[in-house]
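Colleague: Residue strings, one per chain:
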Amino acid sequence: MDSAAELRTISGRRLPGPLGLNLLTAAVLGLIGFFVGTWIGGRLAIGHHYLVATDQNDVGIFLGFLGATIGWLGGLGFFNYPVSRLLGRPASLPHEETAGASRYFRLSTDHKVIGIQYFFGVGVFFFIGGMNAMLIRTELLTPNEKAWPAGQYLTLVGLHGTMMIMMTSAFILGPFANYFVPLMIGARRMALPRVEALTFWLTPLAGLVLLSAIFWNGFPTGWTGYAPLADQARAGMDAYIWSFMLIGLSMCLNGANLLATIVTQRAPGLTWGRLPIFVWGVATTSVLMVLSTPVLLAALLMGMLDRAANTSFYIASGGGSPYLYENLFWFFGHPEVYILALPGFGIVLEILPVFARKPLWGYRLAVAGMFGVTLLSFFVWQHHLFVSGINATLRPFYMLTTELISIPTGFIFLNAMGTIWRGKIRFTVPMLFSLAFFFNFLIGGLSGVFLSDVPSDVTTHGSYFVMAHFHYTIMGGLVFAFFAATYYWLPKMTGVVLNEKLAKIHFWLMFVFFNLTFFPLFAAGFLDMPRRVSTYAPSLQTLNDWVSVCAFVLGFSMLIFIANLIWSLVFARIPAETNPWHSRGLEWQLPTPVPVHNFDEIPEITGGTYDYGVPGAPAVATLR
Amino acid sequence: MTTAPAPQSDDRHLWTAAVAWLVLTAIAVPLIVFVLGPHLPPGRMSAEASDQTSANIVLTAICVPIVLLIVIFFGYAFVVFRARGTAIEDGPPDFGDARAQVLWLILTSVIVISLAVWGTYTLFWSAHGAGGGQGPNPVAKPSDASSALQVQVIGQQWNWTYRFPGYGGVETAHLEIPVGRDVEFLVTSLDVTHSFWAYELGVKADAVPGTENIAYVHPRQTGSFSIRCAELCGLWHGHMFQTGEVVTSAQFASWIAGQQHAEAPNLKYLPGYSGVYFPEPTRRAG
Numbered sequence: 001m002d003s004a005a006e007l008r009t010i011s012g013r014r015l016p017g018p019l020g021l022n023l024l025t026a027a028v029l030g031l032i033g034f035f036v037g038t039w040i041g042g043r044l045a046i047g048h049h050y051l052v053a054t055d056q057n058d059v060g061i062f063l064g065f066l067g068a069t070i071g072w073l074g075g076l077g078f079f080n081y082p083v084s085r086l087l088g089r090p091a092s093l094p095h096e097e098t099a100g101a102s103r104y105f106r107l108s109t110d111h112k113v114i115g116i117q118y119f120f121g122v123g124v125f126f127f128i129g130g131m132n133a134m135l136i137r138t139e140l141l142t143p144n145e146k147a148w149p150a151g152q153y154l155t156l157v158g159l160h161g162t163m164m165i166m167m168t169s170a171f172i173l174g175p176f177a178n179y180f181v182p183l184m185i186g187a188r189r190m191a192l193p194r195v196e197a198l199t200f201w202l203t204p205l206a207g208l209v210l211l212s213a214i215f216w217n218g219f220p221t222g223w224t225g226y227a228p229l230a231d232q233a234r235a236g237m238d239a240y241i242w243s244f245m246l247i248g249l250s251m252c253l254n255g256a257n258l259l260a261t262i263v264t265q266r267a268p269g270l271t272w273g274r275l276p277i278f279v280w281g282v283a284t285t286s287v288l289m290v291l292s293t294p295v296l297l298a299a300l301l302m303g304m305l306d307r308a309a310n311t312s313f314y315i316a317s318g319g320g321s322p323y324l325y326e327n328l329f330w331f332f333g334h335p336e337v338y339i340l341a342l343p344g345f346g347i348v349l350e351i352l353p354v355f356a357r358k359p360l361w362g363y364r365l366a367v368a369g370m371f372g373v374t375l376l377s378f379f380v381w382q383h384h385l386f387v388s389g390i391n392a393t394l395r396p397f398y399m400l401t402t403e404l405i406s407i408p409t410g411f412i413f414l415n416a417m418g419t420i421w422r423g424k425i426r427f428t429v430p431m432l433f434s435l436a437f438f439f440n441f442l443i444g445g446l447s448g449v450f451l452s453d454v455p456s457d458v459t460t461h462g463s464y465f466v467m468a469h470f471h472y473t474i475m476g477g478l479v480f481a482f483f484a485a486t487y488y489w490l491p492k493m494t495g496v497v498l499n500e501k502l503a504k505i506h507f508w509l510m511f512v513f514f515n516l517t518f519f520p521l522f523a524a525g526f527l528d529m530p531r532r533v534s535t536y537a538p539s540l541q542t543l544n545d546w547v548s549v550c551a552f553v554l555g556f557s558m559l560i561f562i563a564n565l566i567w568s569l570v571f572a573r574i575p576a577e578t579n580p581w582h583s584r585g586l587e588w589q590l591p592t593p594v595p596v597h598n599f600d601e602i603p604e605i606t607g608g609t610y611d612y613g614v615p616g617a618p619a620v621a622t623l624r
Numbered sequence: 001m002t003t004a005p006a007p008q009s010d011d012r013h014l015w016t017a018a019v020a021w022l023v024l025t026a027i028a029v030p031l032i033v034f035v036l037g038p039h040l041p042p043g044r045m046s047a048e049a050s051d052q053t054s055a056n057i058v059l060t061a062i063c064v065p066i067v068l069l070i071v072i073f074f075g076y077a078f079v080v081f082r083a084r085g086t087a088i089e090d091g092p093p094d095f096g097d098a099r100a101q102v103l104w105l106i107l108t109s110v111i112v113i114s115l116a117v118w119g120t121y122t123l124f125w126s127a128h129g130a131g132g133g134q135g136p137n138p139v140a141k142p143s144d145a146s147s148a149l150q151v152q153v154i155g156q157q158w159n160w161t162y163r164f165p166g167y168g169g170v171e172t173a174h175l176e177i178p179v180g181r182d183v184e185f186l187v188t189s190l191d192v193t194h195s196f197w198a199y200e201l202g203v204k205a206d207a208v209p210g211t212e213n214i215a216y217v218h219p220r221q222t223g224s225f226s227i228r229c230a231e232l233c234g235l236w237h238g239h240m241f242q243t244g245e246v247v248t249s250a251q252f253a254s255w256i257a258g259q260q261h262a263e264a265p266n267l268k269y270l271p272g273y274s275g276v277y278f279p280e281p282t283r284r285a286g
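Protein chains in written order, with my numbering: chain W, 1 to 624; chain U, 1 to 286.
Be aware that one or more of the hints could be misleading.
Just some of the chain W residues that point at chain U, by a computed CB distance under 10 Å [to be verified]: (1) Ser321; (2) Gly333; (3) Thr402; (4) Glu604; (5) Gly607.
Because the hints were derived from the structure by calculation, they are not lab data.
Predicted, not measured: the structure shown is a model, and the values here were computed from it.
All residues carry an ideal CB built from backbone N, CA and C; glycine is no exception.
This is chain W alone, in the form it adopts within the complex (with noise of 0.2 Å):
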């Protein structure tokens, strides 16, 4: 039987347009779910003698979280499959998939809308992130606080921090590995589409929830949420667990769904030595994500406890660690930073061999880097605790383990070496985004041997060395991943082409502005100015106001994308071609726009995806 038509015979009955349920029937139903949440807190509470000390309510919070979220995902229709199918119903989840835009606004299971869907609700939240670091670097114009009060900055860099983490963790895999995995595989859908729509439903949730904690007073802690300091702060606290909760669960479930898809999904003829770069980053990223958000959870959870219900996890006082904390967080937060890497490492081999006109050099090399990043990222966590008082024997292990990674990651440094020497380079706007890449990950990558290095480790932990390391990785590393990958798919995603004027624009203001920021901020580091703080030494201020003026054109640059986005998918509509980089992937056989039950029929994958300049290769699949 066809797929496509047996897919059909068990969608069931609908609502016509605005009556059905959709993201306004979910922020709703998720505000009343709050209320009543609350309100049952409330009840709970009365009398209990916490309520005096603290005056405020965490497990009312908490229980608010908790309705909101039901709510939110009931308002979306998430609860009606199980329970008609609880009910013996024939299951009421549409399964056709209708043209037009509020297919966006609503619960999918295609594939390629919740890319789609991922790209822009990811972006908006990327773009609040952004203007949390344009707030933050207005303070820091002057030595002291001028701009916001000191609470409200350590609100600003907590939000700033949280939200980056958090969305660019689904910066790629969102938008880019839902799409295109399943395309690049030869599969019609990802092993389990509900649970896709499922990850990014929470993730939108996760950024109003911590959106949410301004109106509680903030939170003090920046992203890591250390213990002491999380069990002293306000309600907006609350707010954060639950939404790093959230997007903890949802990179879990996306881990889960990815590796799933990949193992069991593959079209015949796809064995694992011919699978596409970018599917391999994506797989081992997922190993990541299952395998470390699960701590995450518990380690939030204890937190959750301590603060509502008085449980001493974390609290010396009461018999508890704040090293338990620590080490959790960290066993999570470091594999983390590899979940933020990997996926860029695939975009950018993906994308080399197509403009430098040769095969990728060293396939096996990069899968082999891919697999040694993966597995030894769970081995550092504790060069974070360097100096922070435990295990002192143990940190020659994890100076060992934290430098052997740069082993693996060299090998990805080689690949591209190997690709672009003697090919056809062609300097198209994907292809700067991905070189670009690589001086940013070069320099990100060896400032971080400083930092597995315990004596130079005590001078900068804790430093602004720091933040202009990991602000090289994840900004330098992904977020020029990403627009390499936005550059390069968006007109198969949308099919219409980006305006290549604006995008060169675009890539220059932000290479060279992205390097003035962040490239002074490893001085600032070793001139003694910890993280974190609004106020510096006054002999500072010259250095902060340069990187403050050039990371608002920073900021910037990012406009002239959005323009460039607005301009193109809206006004110009200019159509995209099938193969415009005339790539031999898989997904630039498809017809633009790609179809929506993506293959007519299965397709059988008879060459390697990066065989160019191979005489008589034969074509990636046969396609019917």
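Add chain U to chain W, keeping to what the hints say.
Modeller: Just chain U now, kept in the frame of chain W:
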């Protein structure tokens, strides 16, 4: 015996890039060591700071040639191998080279492992903990650790205070330590996690409630050093700033005697000297 094959055109490119890299490295490394090096932090005020400075110089001197290698290789390829014209042409179908990959693996492994060995040597033997906090049971102690001057550093929102167990547990709001004598910092906190960062001394140790975090330092020069908090501790984190002094033994003796005299009336209100403190209220104040 076979004669070497005539160099192919891309071999020539490889050699040109290699020579450019060698020349630039030969220029850059001495500049880093002799011109930039003396300005790298945290300076030479203590034995630990000195080792950290050396570490920073060596790491910079290793990293810059690596940056040069990648940048020259990429830059050279951009110029020589850029596609000319608009026609889409393919490059040679080169899938990899086992020898180059093994060479790369060996080179990176040697650099990385020797860095780890050298870091371990500095950490344990040459700089006894490198000025970092080693927790309550330090493993890398200076040889005369038992005669070191003990200074308890107490982090609290949002200031540092110091108690001297060898001087009746007197608590001071300002830090002075003598030159030429090992100092044992016993770092703890009254509320949340702070991090005691004496920048020029090369000392950094987290102040964690309920934990005695020990760091050693051996000051070699007199002068002032800045003290900051390196772990986010709440509202006035950036204001946990003081200036400490390394002074001569005689100056230290007279300073601590003066402090003991001035603080004597306050001492009876303090809790007895202890490694850790749990002040009331132990729960969140809101």
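Colleague: Now tell me if each hint is right for this structure.
Modeller: Evaluation of the provided hints:
The restraint placing Ser321 (chain W) at the interface with chain U holds, with a minimum CB-CB distance near 7 Å, inside the 10 Å limit. A distance limit of 10 Å between C-beta atoms decides the matter here; for Gly333 (chain W) the minimum to chain U is near 15 Å, and the interface restraint is violated. With a cut of 10 Å, the hint placing Thr402 (chain W) at the interface with chain U holds, because the nearest CB-to-CB distance is about 9 Å. A cut of 10 Å between beta carbons decides the hint on Glu604 (chain W): the least distance to chain U is about 23 Å, and the hint is violated.
Because the closest C-beta pair between Gly607 (chain W) and chain U is about 12 Å apart, greater than 10 Å, the hint is violated.
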